[in-house]
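There are 2 protein chains.
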Amino acid sequence: MLCKQLVIITGPCWRCRKFMKLAVTHVVGTGDYNGPDEFSKEELNMARDHGVFIKKQYSQTSKEIYELLPIAFNQKQVVEASAVVAVLGDLENIRMAEKIYGQAVDAGFMPADTAKSMVEHYTGMYSSMPPEAIRQIAYTDGGLVSMQLMLVTRAKGYDTVPIGGYDKQKFMEAFRISERYIPIMLVAIGKAAKPGHPTVRLAVDDVAFFNEMPKE
Amino acid sequence: MLCKQLVIITGPCWRCRKFMKLAVTHVVGTGDYNGPDEFSKEELNMARDHGVFIKKQYSQTSKEIYELLPIAFNQKQVVEASAVVAVLGDLENIRMAEKIYGQAVDAGFMPADTAKSMVEHYTGMYSSMPPEAIRQIAYTDGGLVSMQLMLVTRAKGYDTVPIGGYDKQKFMEAFRISERYIPIMLVAIGKAAKPGHPTVRLAVDDVAFFNEMPKE
Numbered sequence: 488m489l490c491k492q493l494v495i496i497t498g499p500c501w502r503c504r505k506f507m508k509l510a511v512t513h514v515v516g517t518g519d520y521n522g523p524d525e526f527s528k529e530e531l532n533m534a535r536d537h538g539v540f541i542k543k544q545y546s547q548t549s550k551e552i553y554e555l556l557p558i559a560f561n562q563k564q565v566v567e568a569s570a571v572v573a574v575l576g577d578l579e580n581i582r583m584a585e586k587i588y589g590q591a592v593d594a595g596f597m598p599a600d601t602a603k604s605m606v607e608h609y610t611g612m613y614s615s616m617p618p619e620a621i622r623q624i625a626y627t628d629g630g631l632v633s634m635q636l637m638l639v640t641r642a643k644g645y646d647t648v649p650i651g652g653y654d655k656q657k658f659m660e661a662f663r664i665s666e667r668y669i670p671i672m673l674v675a676i677g678k679a680a681k682p683g684h685p686t687v688r689l690a691v692d693d694v695a696f697f698n699e700m701p702k703e
Numbered sequence: 488m489l490c491k492q493l494v495i496i497t498g499p500c501w502r503c504r505k506f507m508k509l510a511v512t513h514v515v516g517t518g519d520y521n522g523p524d525e526f527s528k529e530e531l532n533m534a535r536d537h538g539v540f541i542k543k544q545y546s547q548t549s550k551e552i553y554e555l556l557p558i559a560f561n562q563k564q565v566v567e568a569s570a571v572v573a574v575l576g577d578l579e580n581i582r583m584a585e586k587i588y589g590q591a592v593d594a595g596f597m598p599a600d601t602a603k604s605m606v607e608h609y610t611g612m613y614s615s616m617p618p619e620a621i622r623q624i625a626y627t628d629g630g631l632v633s634m635q636l637m638l639v640t641r642a643k644g645y646d647t648v649p650i651g652g653y654d655k656q657k658f659m660e661a662f663r664i665s666e667r668y669i670p671i672m673l674v675a676i677g678k679a680a681k682p683g684h685p686t687v688r689l690a691v692d693d694v695a696f697f698n699e700m701p702k703e
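In order, the protein sequence lines correspond to chains A and Y. Sequential numbering from 488 applies to the first sequence in the numbering used here. Sequential numbering from 488 applies to the second sequence in the numbering used here.
A hint or two may mislead.
Given that identical chains are not distinguished, each listed pair holds provided it fits within a single copy or across any two copies.
What the hints assert, rightly or not - Straight-line alpha carbon distances no greater than 30 Å define the calculated DSSO-like cross-link-like pairs of lysine-lysine that follow: (1) Lys586 to Lys528; (2) Lys586 to Lys508; (3) Lys603 to Lys528; (4) Lys508 to Lys678; (5) Lys655 to Lys702; (6) Lys491 to Lys678; (7) Lys563 to Lys681; (8) Lys563 to Lys528; (9) Lys678 to Lys702; (10) Lys603 to Lys681; (11) Lys491 to Lys702; (12) Lys586 to Lys563; (13) Lys657 to Lys702; (14) Lys643 to Lys603; (15) Lys702 to Lys603; (16) Lys491 to Lys681; (17) Lys528 to Lys702; (18) Lys528 to Lys681; (19) Lys508 to Lys643; (20) Lys563 to Lys603; (21) Lys563 to Lys657.
What the hints contain is simulated information worked out from the structure, not anything from laboratory work. It should be emphasised that the depicted structure is a prediction, and the values quoted were computed from it without experimental measurement.
This is chain A alone, in the form it adopts within the complex (with noise of 0.2 Å):
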């Protein structure tokens, strides 16, 4: 039997950010929301009980909110915070050299022959490089700009939260994120709303080895 659920959430308006309840009906175990322009009359009137205040330019656009939710295990930030950044790798990163060199040599960082050369030889060793290494390399490379993502987001006044648990297979069907690319990690970015947990860190005797590992 299919379950229909009226879900209230309060997230931020996607025009004006501020914080208003959020009705969408969901028909449970299947990836399918209606928002408010969809809702029969006795839905609108059991959302405006709950004081969701339904107007449809404020929630069509809302979809995204609501997929997201049930996809980072109902972690309310992805819903409160005023931004969420999905980091993805992409494994095709390789196709992007010509530009990048091309940008090089037009700035006058490098001569067009070096850059030729360079764009040859990356090309020649991602086309001879198991797709494991690839993958190794987007999701190392992922995390490094991701550090920089929350650091560049807090020098600027603001709070993030990474979030690594998610379901990654709905959240690439949900968003139709194509092959080429992986999910790395979600980070929710706004003013926080309460100072962070503080938290502890092992001592660096615990995780650096000078030339040989300790033994277990």
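Mind docking chain Y on chain A? Use the hints.
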């Protein structure tokens, strides 16, 4: 036929970090390197003729440097840098959970029962996770850590060279690293001998998209 080479490189003294000529003999095609303490008289003379300062205590501990040079496909930063940090990923990182949460309890950041249930939660989660998912986390977290390492290093007035292209299998063997760990990257650290090459970045519109991917 075995071919023996006398290799002379300029590398930092293991003790005073000053650059000096270092010699080693190497049987081509093998990982066997011998320092001056195992040189024949002829080899000693040949090294001296090329300006190598032969003194046992200065050359005997350079094994790691000699080994790392061919492993890093002869990228000279690995021998010229003041230090090389090999960033590793720990595939059994969950074994540290109890220690980390214990420190959080000791610091007064978390009640003991919360820590206990977190450790149980994550231990259960990791034990049911496919090995490939754990590796992906290690590669991404390795990227996060490497970026922090490079930025902290830079903030202290040093420069870095991240090296992703090296023989990871040989690296693991040469430094006898257990299979618990996976190699992420090498980070050469030191005072820059000359400024780095200027580089370009793709425009944000080339790499970031709002809500959906552009059609290719």
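Right, here's what the structure says about each hint:
1. Lys586 to Lys528: This pair counts as neither: shortest intra-copy Cα distance 54 Å, inter-copy 55 Å.
2. Lys586 to Lys508: neither (45 Å within a copy, 41 Å between copies)
3. Lys603 to Lys528: neither (64 Å within a copy, 48 Å between copies)
4. Lys508 to Lys678: within (19 Å within a copy, 55 Å between copies)
5. Lys655 to Lys702: between (37 Å within a copy, 21 Å between copies)
6. Lys491 to Lys678: neither (34 Å within a copy, 64 Å between copies)
7. Lys563 to Lys681: Within one copy only: 14 Å inside, 48 Å across.
8. Lys563 to Lys528: Intra 28 Å, inter 73 Å, cutoff 30 Å: intra-copy only.
9. Lys678 to Lys702: neither (45 Å within a copy, 33 Å between copies)
10. Lys603 to Lys681: Classified as between: cross-chain Cα gap 25 Å, same-chain 51 Å, threshold 30 Å.
11. Lys491 to Lys702: neither (57 Å within a copy, 34 Å between copies)
12. Lys586 to Lys563: between (39 Å within a copy, 28 Å between copies)
13. Lys657 to Lys702: Cα proximity of Lys657 and Lys702: across copies only (20 Å, versus 42 Å in one copy).
14. Lys643 to Lys603: The answer is neither: 38 Å in one copy and 36 Å across copies each exceed 30 Å.
15. Lys702 to Lys603: between (48 Å within a copy, 27 Å between copies)
16. Lys491 to Lys681: neither (34 Å within a copy, 66 Å between copies)
17. Lys528 to Lys702: Cα proximity of Lys528 and Lys702: none, with 69 Å in one copy and 38 Å across.
18. Lys528 to Lys681: Neither: 38 Å inside a copy, 72 Å across copies.
19. Lys508 to Lys643: within (28 Å within a copy, 48 Å between copies)
20. Lys563 to Lys603: This pair counts as between: shortest inter-copy Cα distance 23 Å, intra-copy 48 Å.
21. Lys563 to Lys657: For Lys563 and Lys657, the Cα distance is within 30 Å only inside one copy (17 Å; across copies 45 Å).
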